[in-house]
Every structure is written in structure tokens, then in C-alpha cells.
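Number of protein chains: 4
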Amino acid sequence: MVKMRDWVEEINERARTKLGIGRVADYIPALAERDANKFGIAICTNEGEIYAAGDALEPFSIQSISKVFLLTLSLRVYGNALWERVGLNPSGMPFNSLTQLEAERGKPRNPFINAGAIVVADRLVSAFATPSKHLQDVARKLSGNESILIDRRVLESEWQHRSRNAAMAYLMKAFDNIDNDVDHVLHSYFSCCSLSMSCIDLAIALNYLAADGHAHATGEPFIAPDLARRINSIMVTSGMYDAAGDFAYRVGLPAKSGVGGGIVAIVPGKFSVCAWSPALDENGNSVAAQYALELLASEMDARLGR
Amino acid sequence: MVKMRDWVEEINERARTKLGIGRVADYIPALAERDANKFGIAICTNEGEIYAAGDALEPFSIQSISKVFLLTLSLRVYGNALWERVGLNPSGMPFNSLTQLEAERGKPRNPFINAGAIVVADRLVSAFATPSKHLQDVARKLSGNESILIDRRVLESEWQHRSRNAAMAYLMKAFDNIDNDVDHVLHSYFSCCSLSMSCIDLAIALNYLAADGHAHATGEPFIAPDLARRINSIMVTSGMYDAAGDFAYRVGLPAKSGVGGGIVAIVPGKFSVCAWSPALDENGNSVAAQYALELLASEMDARLGR
Amino acid sequence: MVKMRDWVEEINERARTKLGIGRVADYIPALAERDANKFGIAICTNEGEIYAAGDALEPFSIQSISKVFLLTLSLRVYGNALWERVGLNPSGMPFNSLTQLEAERGKPRNPFINAGAIVVADRLVSAFATPSKHLQDVARKLSGNESILIDRRVLESEWQHRSRNAAMAYLMKAFDNIDNDVDHVLHSYFSCCSLSMSCIDLAIALNYLAADGHAHATGEPFIAPDLARRINSIMVTSGMYDAAGDFAYRVGLPAKSGVGGGIVAIVPGKFSVCAWSPALDENGNSVAAQYALELLASEMDARLGR
Amino acid sequence: MVKMRDWVEEINERARTKLGIGRVADYIPALAERDANKFGIAICTNEGEIYAAGDALEPFSIQSISKVFLLTLSLRVYGNALWERVGLNPSGMPFNSLTQLEAERGKPRNPFINAGAIVVADRLVSAFATPSKHLQDVARKLSGNESILIDRRVLESEWQHRSRNAAMAYLMKAFDNIDNDVDHVLHSYFSCCSLSMSCIDLAIALNYLAADGHAHATGEPFIAPDLARRINSIMVTSGMYDAAGDFAYRVGLPAKSGVGGGIVAIVPGKFSVCAWSPALDENGNSVAAQYALELLASEMDARLGR
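Each protein sequence line maps, in turn, to chains W, A, F and R. Using my numbering, you'd call the opening residue of the first sequence number 1 and step up by one each time. Using my numbering, you'd call the opening residue of the second sequence number 1001 and step up by one each time. Using my numbering, you'd call the opening residue of the third sequence number 2001 and step up by one each time. Using my numbering, you'd call the opening residue of the fourth sequence number 3001 and step up by one each time.
Isolated chain W, as found in the complex (with noise of 0.2 Å):
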């Protein structure tokens, strides 16, 4: 398909001229380090082609993004039995804010802000031993990369500053809404947020959500499609941290994004999109990624058809 392939090259071109704006995420060291001038892109078609430019391979923290993959493992083992512990709806405050998750008496509002990602994963230890080890199999499979791994300078760094996500799991422990040890939660956690991946494994890995649950590595169903569709309208309500109503506005697809730098967006029935630039707006969210997302998308009827 040689239209796609030109046009992530040419989205790869203009994205990189917004490199230079924004701040690389800088609370941990690990992080801090990272290129501000690198850019990446993939696309992964449900019919199992990848486009991909710049440094589509050169593997980044996904840090957030995993919230997408613990959110459908807990799915899958608990189904809707999970809403009970975190809500479905916008948080509408910072995605590590205790002021709401006091006041609604320790159930996080959505599971892509911290709380909610730690209820997460607490129900993930309560269901499997080590469940970073889990996810790292799966993110494997999933994307057809055996090398992928758990950047354990990464862990370490998240763990030396943990403080406020202490804060927030002890403030949930405190409403019996998570039922192991914050210190094991936590690690698992942390893991998690540590893997490494590149723009063409997250693409690959998370095509599942453009698919109807069908995941293109395993040529398997990975959930059912209801499933898929709603994972997806969580990300468009929530999947942006506290810019997800503006990101819906200027782009208008299901995203999430994570402080490494990495956004992840899907055109239901059509493909899944990952782009990576470490430089981040004050929301947190990647500019060049963003800007590569909404050059995608404003164009993608014109360049594709409808």
C-alpha cells in the first residue's frame, strides 16, 4: 500500500519539526535522560501490515500505556465485577490527585489515573503470583517480540520515588479497596509501568483494540469484541490524562498516553497507531505524538477514503 507508506514518512517529517518544544518527563532520573529529539511511528493494519518511521524501533518506558494492557487482563479475569473496586467516568482532576479519591471514600474514578491503575493491579496480585510477569508474557506474545523486558533502572527509580503513589494506595487500603500489601501492590505496579517497548511492538501488541479483541500476533481472539469496543470509549474519555476532552476535540480517537513519551491511538476496523517522542505539554502527554496523531487523523479520510 504504497499511499500509507508515503504518508507515516510524511507525518514522520512534519511531527519532527515540534521537536525542541516541551519538557522530557524529569521526576525520575531514568526518564529524565531520554533524547528529546527522537521520533517514532508505527501503524499496525488489521490486516497485519506495519508502516513505520523514524525510531519506530528503539524501545521507550511505556509507563501509562501498560494501564491499558492491566485494564484488559483484569477484564478478562473478573469482567464487569471490576467495576465495583473503579469507576468508568472522567476524573476531570490530575491523574494522581488523593482530593477526589478521599472524597469518593477510595474508589478511583476511571482505571487510567494512578488510583485506578493501582486498584488494578491489586486485583492482579490477588489473581496471579507475579503479575508484571504475566503482563510481560503477554505483551510478548502480543506483539511477537520475545526481547521485550522490564527496565529494571526504570523500576528502581519509580520505587525510590514513590511517595505520592504510596499515598494514594494506603489512602485506598484505608477504604478496603485493596486488599494486599501496598509495598507488594506497588512493586507490581511499577513494574508494569517499566516495560520497555518500542512503537511497533505497542502497535502491534495493543492491534486487539482495532480488531474486535482479535489479536494479529496470535492469529487468536484475545477478548471478545463488546469488550474491545468499550476499552476503547474508556480511552476517549479518559485516556489522556486531563487533556482528554481536548485531544477528543482535535483528533477524536480512543488514545493513551504515558509520560515516557509514547501516545497509542486506534481506528476501530481499520488499525492501531503508536507514535513516541519523549518531550511532553503540561498535561503530560508527548507534542510531537500528539501532533502526529492529529495530522493522522484530520487527514485519514482524504488519504485513505472513507
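Simulated from the structure, these hints should not be mistaken for lab results. Any given hint could be a false lead.
Stated by the list, open to error - Result set (DSBU-like, lysine-lysine): computed pairs, CA atoms no more than 35 Å apart in a straight line:
| hint | chain 1 | residue 1 | chain 2 | residue 2 |
| --- | --- | --- | --- | --- |
| 1 | R | 3107 | W | 107 |
| 2 | F | 2038 | F | 2003 |
| 3 | F | 2270 | R | 3003 |
| 4 | R | 3003 | F | 2107 |
| 5 | A | 1003 | W | 270 |
| 6 | R | 3270 | F | 2003 |
| 7 | A | 1270 | W | 270 |
| 8 | F | 2107 | W | 107 |
| 9 | R | 3133 | F | 2107 |
| 10 | R | 3270 | R | 3133 |
| 11 | W | 270 | W | 3 |
| 12 | A | 1107 | W | 18 |
| 13 | A | 1270 | W | 3 |
| 14 | W | 3 | W | 38 |
| 15 | R | 3003 | R | 3141 |
As the list claims (entries may be wrong) - Quick look at which bits of chain W chain A covers, simulated, 3 or more residues with Cβ under 8 Å:
| hint | stretch |
| --- | --- |
| 16 | 76-89 |
| 17 | 92-105 |
| 18 | 232-243 |
Claimed, not checked - Listing some non-contacts, in silico: residues in chain A with all C-beta distances to chain F over 12 Å:
| hint | residue |
| --- | --- |
| 19 | 1009 |
| 20 | 1037 |
| 21 | 1046 |
| 22 | 1102 |
| 23 | 1147 |
| 24 | 1219 |
| 25 | 1303 |
Glycine is no exception: its CB is placed at the ideal position from the N, C-alpha and C atoms.
Model the placement of chains A, F and R on the given structure of chain W, informed by the hints.
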């Protein structure tokens, strides 16, 4: 299109099993006396076909559905400059809360909470002598129904019970985000909320959101295609009061509800739909109308083909 | 009492070293134009002796000091029933915040924040045709000064800038905690704030709080002794806006300040004092008047004997 | 002083009419099992006379009364530099709330809410190897009772139920307002809360607050007179949890309560008093002990002369 006709009839029958659940809005007498056993549904396809069942011809108070009209008219006048006055992101708080409004210095989160719609009404008061008259004209033209009226009894009742909305308007005025006289702005806002329209009126009038901005009844472009797409995005993230995420998870369509019991939803590229039944759940959304839309969304692929 | 006279002169001189620090209130023009270099102080002992220095005879806008009069008059009419409408505890939030008021369903924390004083004013509107006229009469009688007036220019300016107070009043109305017309209540409230009195007027008028409820100027009991003690307690916990605890720590006396620059403090059993200087700190309390009261409190034992 | 002895006996009898009202703290088992029918009261005059009645010799868990000791010890070490870490103003929120702590970037409002006392404990951990051992020594010296002990069962129980306090401590650590290891600080804090002392112990030990900082049992100055006055001021504005203003209105004395059922109050220049009864009102203050102090305050002038 026989199967569409049958399907709408079937949804009408199944949704009526929910009659008896929920409570009719009773904050003003004019709404409280509506018969809780009414239910109607109407679909308007982008080809101009109308499929309707139940009480689809009965006018009801559109209430917050007017916020979609207010937003559209204001974007037509001000374009993106509107977003200097009102945000784009989900609120995460009740639709009439003052707490967030105070913390964010009088800039409402989005145009679909009351404070946001009041700011939009203030913008229209600056642009039109009588915005509610203008909106009534537009609603008539878009629906092709010249008998659409503002319900004076509802309007009077809203005015009598204006205290909380007045509190929000004065707070925004204190932050210089309301330019005109507060009483005048509120009266215009309540007039728009007090329009009476039927399911058929609304499905036809708002079809431009399904049809890339093209107005079915007038045969002319009403707004630009990208603007239609963007308004739909705000409806996804913020259209269903506090339950936006929950509704997105279950139904997955752009939608806007009103405490009169109506809900409009959009299937972009295909059709607009309006369901109505007066009894509401605790979030202020019609129980039976939500159920009807849930049936419609979950069976759409099977019934209509993808 | 020669040493008292010398001491007050000395405080006057030392407090004037603080002139030039802080900012005159500028939210309304009528206050903004006051000369920041004014300073006055007056003491009224329970024996009726007056010691004054500096600009102690110059009338200024009493602003929030009127809340002490409003509370006293309302307790005289309603007794403890007043506490069904307004609380007794420190607010911990800015004096004009709506957040707490919303969370606590329209019942203000205490009568010394704006919302609380507006509720008290509503109580007085229910009891007196013109509460501000009544308050002016009481202020004249208690101070023995028949020339005390409401400053119409200040009143007009307050009314023009009423938006935030109107927001609070309408919010309380929405919770049924305001019985009368909001505009009427606000006008009465602003009228009371707009009284002009001098340091000497205020020290004499509020001496009843130092003298177990006995009014110096009239020679009669004005309120019961335990009521005087209780009003003093509210002044300790809530009299100095956000800085109540800080002021209690540094000065330790019941006090009430106003953005006109006046502060009244009480030494129970001994004397009342009023200091005034227009420039305010970031909490809205007069810099030089606070300093004068700090000097007075810290040296009182040494100067006057215990 | 015969009349004092009779009066204390009388208060004992009258306060016991309140036994049966309220609930014993049950968040930890060690507190929950205390007999709700206990009541004791002890007064220690500045001349060193002790008047006691009821269960005044029975040790109970001092809980938050330890915050007065923590504050005093920390002010002795750090002086006013302490106020860079913790504020001085009333909180206006529940004693264990995280919302305000987050909004104010980890600086607690005052040293008498839990977060504030944890910060003070962290200061003492920096100054002393084992702050709870130091506090136990001080409590023994000040009360002249060498048998005062930390209740290990209470301590263990507090530790098991530490989640909410841990959440607060980690949140403050996230804002760099805790210097030491969170577990170590919490353990020290709980140890201090777990001291067991009787009404007589506490009345004697805290008499320095009534006696210008002079310690009755040691015959030596313990803190400077102005520091004693200032600690009393914080007790007035913030000593009774959420009910500080209400208590100030009814009783008007500096006081500090604990969920073990004890309340210490100060009559500056005259005496210190401790009342105790395990059953608490909804604010966490002992019902019978509060009533005893209310009787004491309202009759003090009549009984003892002014």
C-alpha cells in the same frame, strides 16, 4: 427499509418495559406533571428517511439538549475564540457544581455543564438581540417544523427556581467571564432550555451532526464537517452529565440528554436518533431512553450490517 | 492614668514605622483612594476612660467589623436559634469562598465570613424593616456619636461590585437558607459594611464585649454577660479571616478586622481597643493595626501589671 | 480549699449523668473495649494543689493529647523555625483529611491535626534517637509519676490500622515535608499516642501551660512564658478537632482532646484540668468530659470569684 422500521418498533416495545423505573424531574412543577409512561423514539437517516415509534410526535421540554444548539450557534459566530471562555474537558463534577468553577477562576470545564452553557448564552446575547428567538428560528428551520415554541410556563418556572444558576452566573461575572447583565443572560438561557420539541423534531434538527454538518431539512451546509466531528467528540466525553464515561462504555455514541427526558445520539455518517421518556435515573438521564439507545447501539452492526 | 496615655502614644509612633508596607484595598474605588499613611488607635477602658493617638478621630469604612454588630443584634433577636442558620466553627477557607458553602449545603461556617454575615443580615431583614438603619441607630447610641453615617459612595461601589457576594447569596437561597429577596438582603448587608466610624467610635461602641455586655455609653446592659464572652470566643477562632490562628498565636486577643483597615480587639474585663491604618497584608488585615495590637498584647502585663 | 474539693465532687456527679451517651472509639480493638461508664476529673492549681474525683487515677490512652507534648518538645528544639513545616491556623476540615494537605502542598494547617503532629514527630525523629522514649521521660518528670508507660497493645493496634496516617505521611514526603523514613516516623508518632496516663498525671504534667511555662513537679521553668501563652492560643483555635469553635463558644478555654476520651483544659494563671470518659460524640470528643468542662467554665466565676 423494512427492517429498520421493524427494529424501531421492537426497540419501542422493549424500552417500554423500563417504564415505572426512575423519577420524573420535580425541581419545577411544569416538568413534574409529565406522564412517566410516555416513550418515543425517532431516527433520521442521512438520506432523509424517518423511522419513529411510540410518542415520537409529542413535544417535550428539550432542556439541556438546547446546549447542543447553543454551542453550535456560538461556534458559528465565534469559532475557536469561544474556547477562551469555556473549556473542552470533562468536568468530573455534578453539572451544577460551583466548586470547580471557583477553583478554575470562572472558566467552566465544558459547554455541556450549566455554567458552560450560561457562558455560551452570554456570548450569544452579545451577538444577537434575542438569542432564544434566534434559536427558535434555527430549530424551526432545521426541523422543518414552524410550530416549535418556547413553553412560557416552563420558562416562568425555571426563572422562579433560578437561584443555583444565578449563583453560577454571578460567580462567573465576578471573574469577568460574563459580559452582559446576569438577569438578561439567565433569561435567554432559560428560554432556550424551555423550547418544546418532539423526538421527530430533534432527530431531524440535529441530523447535521451525523451528516458532516449538512442540514437535512434545508438541504444546505449548516456547519463545517470538522466542526460537526468536534461537537460529537464533546458529546462523547461530556454529553451525559456525570455518567458520560459509563454511557460511553455501554453505548459508545455521541449523545446529549436533558432532564425533560430526551436523549439525542449520533451515529456519524449514518443517522441521528432521539429517544424520550420522562422518568430519570439518579444522574438525570432518562431510564427508558438510555435503554433504547443501548439496545440500538449493541444491535446496530447485526441489524444494519457494518 | 498617665502611663496608659504615654503607652498609647508610644504604640502610635512605633506602629507608624510600618506605614508603607502592604496595599490599600482596591476592589472598590471608594476604598482604594484612602491615604495609606494614616494610622490611629483608641482604647476605651471599662471605667470609661478614652486613650487615643494618631488619626483616631478620622472616620473610615468599618467593612467587616460590622459583622460583630450584625451578630450581636441577631443574637439579641433570635438567641441560639440563630445557630440553625450559621455555624460556629473556623472556616479554614478564604472569607468569600463558595466551595465549602456548597459542600455544606448552604450553611456558612461562622458569622464572620461573608456568607455567614449575609445569612445574619437576612435574619435581620426578617426582623427589622431596615436593618442598616437599625444598626446605624445602635452604633450611634453605643458610641454616643449621633453623626455616624452610612457612606453612600462606598455603598454604591459595593453594590456595583456585588457579583461574588451575590453568587454566595443565591447559592444559600438555593439551599433555602435565605428567606428574603436576595437583592434586598445584599443591599442591607452592604449598607452595614458601609458605615463610617472612627477608632474612638468603635472602641467605645464595642466596649460591651470587654465589659460583660454592659454598654459604656448608655450605662445599660446591652447583652448578657455569657453572650459577650461567647462573641469574644468566635472572634478568637474566626475574627481575622484566614489568619485567625496566626493572630491568636501572636496576639492572643479576640479581634475583628475589616478591609477598610480597622481592627477591633478586646481585653475582657479591662478594655476595648481599635487600631486603624488602610494598608493591608495578603490576608486582608491592616499591617500597622496588627502590629499595634501585637505591641499592645505583648507589653500589657509589663505596662499595666497583671 | 474546701469549696474547690466540693465543687469537683459535684461536677463528677453531674457529669456522670451523661454516661451512656456517645460511642467508645472502635477503630482499634484496644480502645474499643474500654468501659464507657468510667469518668474521672482532676485539677492541678498553680499552687500545686490537686483536686480529683471519680476515676481520676485510672490510666487511659492519651492519644491526641500527646500532640500538646509533641508540639512543646519541638518548639523547645526548633523555636519558630518549626512553623516553616506546619501552619498555625484552624483547618476547617476533619482531622485526618488529605484534601487540604494536597491543596496546600504537604504543609499541614496546624500541629493538632494528625498530619501536623506527624510532621512534628518527624522533626523530633531528626532531633532525638527515640522521640517516644524522650516524651515518656518528659511525661514522667512533668507528672512526677515514674510508672507512666507506652501501652504496647495500643501501639501494635495503631500500627496495624495505620493506612490513613500512612497515606498522609507519604503525601507529605512527596512534598519533601517529611525528612525521615515514613515507617520510622509513624512508629514514633503512634508510640507517643499510646502513652497511658491518668487524669491526675495529665493535669499535673500540663500545668506548665497554666503557669506561664513553669513546671509544677520539677519546680523549674519548662518553657518560656510567651510560648505557653501561644500554645494555649493554638489549643483555643484548633484543639477540639472540628468542634473548636463550638467548644470555644460553649466553654471558652484552651483545650486538647483525644479519642481515648481525655480532654485537658487550661485556665491560664489559675489551674490545669483533665477530664476523662471513653464515650465520644460525632466529633471524637468525650461527651461527659466536655460536659464537665462546660460546667466548670460556666460556674468558675461564681464558685471561685473572679
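| query | Does the alpha-carbon distance linking residue 1270 of chain A and residue 3 of chain W stay inside the 35 Å limit? | reply | Given pair residue 1270 of chain A, residue 3 of chain W holds - Cα atoms ~27 Å apart, limit 35 Å.
| Check on residue 1303 of chain A being off the interface with chain F, judged by Cβ distance over 12 Å | 45 Å, holds
| field | 35 Å limit on alpha-carbon distance, applied to hinted pair residue 3107 of chain R and residue 107 of chain W | value | It holds: about 25 Å lies between the C-alpha atoms, which stays within 35 Å.
| task | Decide if the proposed pair is consistent with the structure: residue 2107 of chain F and residue 107 of chain W, CA atoms, cutoff 35 Å inclusive. | result | Distance of about 28 Å is within 35 Å: holds.
| field | Pairwise hint evaluation, residue 270 of chain W against residue 1270 of chain A, where the allowed Cα distance is 35 Å at most | value | 18 Å, holds
| field | Distance rule for residue 1009 of chain A, whose beta carbon must clear each one in chain F by more than 12 Å | value | Given a closest Cβ separation of 43 Å, the condition holds.
| Hey, residue 2270 of chain F versus residue 3003 of chain R, does the alpha-carbon distance stay inside 35 Å? | Judged against 35 Å, a Cα distance of about 27 Å means the pair holds.
| query | Taken at face value, is the distance from the CA of residue 2107 of chain F to the CA of residue 3133 of chain R at most 35 Å? | reply | 45 Å, violated
| request: Mind checking the alpha carbons of residue 1107 of chain A and residue 18 of chain W for me, to see if they're no more than 35 Å apart? | output: 29 Å, holds
| task | Measure nothing beyond the straight line between the CA atoms of residue 3 of chain W and residue 38 of chain W; if it is 35 Å or shorter, mark the hint as holding. | result | 24 Å, holds
| query | Taking C-beta pairs only, is residue 1147 of chain A more than 12 Å away from all of chain F? | reply | It holds; residue 1147 of chain A is separated from chain F by about 35 Å at its closest Cβ, greater than 12 Å.
| request: Measure nothing beyond the straight line between the CA atoms of residue 3270 of chain R and residue 3133 of chain R; if it is 35 Å or shorter, mark the hint as holding. | output: 30 Å, holds
Hints 4, 9 and 22 from the earlier list are contradicted by this structure; the remaining hints agree with it.
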